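**Q** Same order as they appear, the protein sequences are chains A and B. Using this note's numbering, read the first sequence as starting at 15 and increasing by one per residue. Using this note's numbering, read the second sequence as starting at 15 and increasing by one per residue.
Read the hints as simulated data drawn from the structure, not as lab findings. A few of these clues could be false.
Intra- or inter-copy, both count: the list cannot distinguish identical chains.
Claimed, not checked - Derived EDC-like pairs (lysine to aspartate or glutamate); straight-line CA-CA distance at most 16 Å:
{"no.": "1", "residue 1": "Lys32", "residue 2": "Glu109"}
{"no.": "2", "residue 1": "Lys17", "residue 2": "Glu55"}
{"no.": "3", "residue 1": "Lys190", "residue 2": "Glu169"}
{"no.": "4", "residue 1": "Lys37", "residue 2": "Glu55"}
{"no.": "5", "residue 1": "Lys21", "residue 2": "Glu82"}
{"no.": "6", "residue 1": "Lys37", "residue 2": "Asp155"}
The structure displayed is predicted, hence computed values, not measured ones.
Protein chains: 2
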Amino acid sequence: MKKIEEKTIHSNRLYEGKIINLKVDDVSLPNGHTSKRELIEHPGAVAIIAITDENKIILVEQYRKALERSLVEIPAGKLEPGEAPEYTAMRELEEETGYTAEKLVKIQTFATSPGFANEVVHLFAATGLSKAINGAVLDDDEFVELMEVTLEDAERMVENERIYDAKTAFAVLWAKQRISIEN
Amino acid sequence: MKKIEEKTIHSNRLYEGKIINLKVDDVSLPNGHTSKRELIEHPGAVAIIAITDENKIILVEQYRKALERSLVEIPAGKLEPGEAPEYTAMRELEEETGYTAEKLVKIQTFATSPGFANEVVHLFAATGLSKAINGAVLDDDEFVELMEVTLEDAERMVENERIYDAKTAFAVLWAKQRISIEN
Numbered sequence: 015m016k017k018i019e020e021k022t023i024h025s026n027r028l029y030e031g032k033i034i035n036l037k038v039d040d041v042s043l044p045n046g047h048t049s050k051r052e053l054i055e056h057p058g059a060v061a062i063i064a065i066t067d068e069n070k071i072i073l074v075e076q077y078r079k080a081l082e083r084s085l086v087e088i089p090a091g092k093l094e095p096g097e098a099p100e101y102t103a104m105r106e107l108e109e110e111t112g113y114t115a116e117k118l119v120k121i122q123t124f125a126t127s128p129g130f131a132n133e134v135v136h137l138f139a140a141t142g143l144s145k146a147i148n149g150a151v152l153d154d155d156e157f158v159e160l161m162e163v164t165l166e167d168a169e170r171m172v173e174n175e176r177i178y179d180a181k182t183a184f185a186v187l188w189a190k191q192r193i194s195i196e197n
Numbered sequence: 015m016k017k018i019e020e021k022t023i024h025s026n027r028l029y030e031g032k033i034i035n036l037k038v039d040d041v042s043l044p045n046g047h048t049s050k051r052e053l054i055e056h057p058g059a060v061a062i063i064a065i066t067d068e069n070k071i072i073l074v075e076q077y078r079k080a081l082e083r084s085l086v087e088i089p090a091g092k093l094e095p096g097e098a099p100e101y102t103a104m105r106e107l108e109e110e111t112g113y114t115a116e117k118l119v120k121i122q123t124f125a126t127s128p129g130f131a132n133e134v135v136h137l138f139a140a141t142g143l144s145k146a147i148n149g150a151v152l153d154d155d156e157f158v159e160l161m162e163v164t165l166e167d168a169e170r171m172v173e174n175e176r177i178y179d180a181k182t183a184f185a186v187l188w189a190k191q192r193i194s195i196e197n
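Use the sequences and the hints to build the structure in full.
**A** Written as structure tokens, this is what we have:
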């Protein structure tokens, strides 16, 4: 897509944080004009739709300061430098929910906010769940409430926006299609 | 969810931009400890899955500087201050694709990157499409390529990550379920 590419003329890094960085780039547009792009760098994340043997889905509710409310989501977490997404997924599942998975399958990767951020989420499905010996081990600044819901309840929660998170909404639709194909 | 709420102790606004703002908040956690949250403010956006009478979906490919690549997405655009999402959706559909819609139905709203941003996307389905007299009218710094694909092709594009965008992936699964219920 060379003809729609935007070339960087100058990149101005304004903030380097613990999780995100902010830069404002001057870009050259396909028509030769210039514009500014405000861009967030993020290390990327994993998310896991963990499905129990009873076809229940494990959800976590946590406070999301950015939105000043709590959200119900599938377990997720940021990638650590050099960590393979599969490993992060297994680790986050166990830390957030106290479950380990026998089987982890990659569903897909997608960008979450391509208009301003480079965050991508690697989405996995985890099955063959069993309780880890240690239970959930959360980060110092992480407070989550666990719930297990049927796939039908999860679908309703997407429809009525009790699930108000894009990756979780996608994962629930994906699980519904997968299970309706199997049955 | 009072017991998992994070209270703001101090908010430090570091950048106010054209589209996004950055602030770093000191927060008080449920256990009484404090932490920092790096937060992006975004005005919110709409996205439209526009379905032709032949059950084709209109997609736009555009360069996404944040990811340094082009992405294939459903038409989308930022909310302007005071603009109702329905109006933004009709406007963006016409501006980006040159189509007007007889019928616009809200599907749902979701947060895209709740870990660090307050962006929400209001997703709509548009049907009864016809070519607008003026055709597409893009912003000065907007360059998009249009395509119309069957729903089956769009599903494959989600699976093989040619569609690499969360809102678009969700919308394609949603359309598949809606149409398989109707037929």
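**Q** Is it within, between, both or neither when you check Lys37 against Asp155 at 16 Å Cα-Cα?
**A** Neither: 27 Å inside a chain and 18 Å across chains, both beyond 16 Å.
**Q** If the cut is 16 Å between Cα atoms, do Lys32 and Glu109 qualify within a copy, between copies, both or neither?
**A** Neither way: Lys32 and Glu109 sit 20 Å apart in one copy and 38 Å across, limit 16 Å.
**Q** Could you figure out if Lys37 and Glu55 sit no more than 16 Å apart (CA to CA) within one copy, between two copies, both or neither?
**A** both (8 Å within a copy, 15 Å between copies)
**Q** Indicate which option fits the pair Lys21, Glu82 if close means a Cα-Cα distance not exceeding 16 Å: within, between, both or neither.
**A** between (36 Å within a copy, 9 Å between copies)
**Q** At 16 Å max between alpha carbons, let me know whether Lys190 reaches Glu169 within a copy, between copies, both or neither.
**A** both (8 Å within a copy, 15 Å between copies)
**Q** At most 16 Å between alpha carbons: which applies to Lys17 and Glu55, within, between, both or neither?
**A** neither (25 Å within a copy, 31 Å between copies)
Checked against the numbered hints listed earlier, the structure breaks hints 1, 2, 6; every other hint is satisfied.
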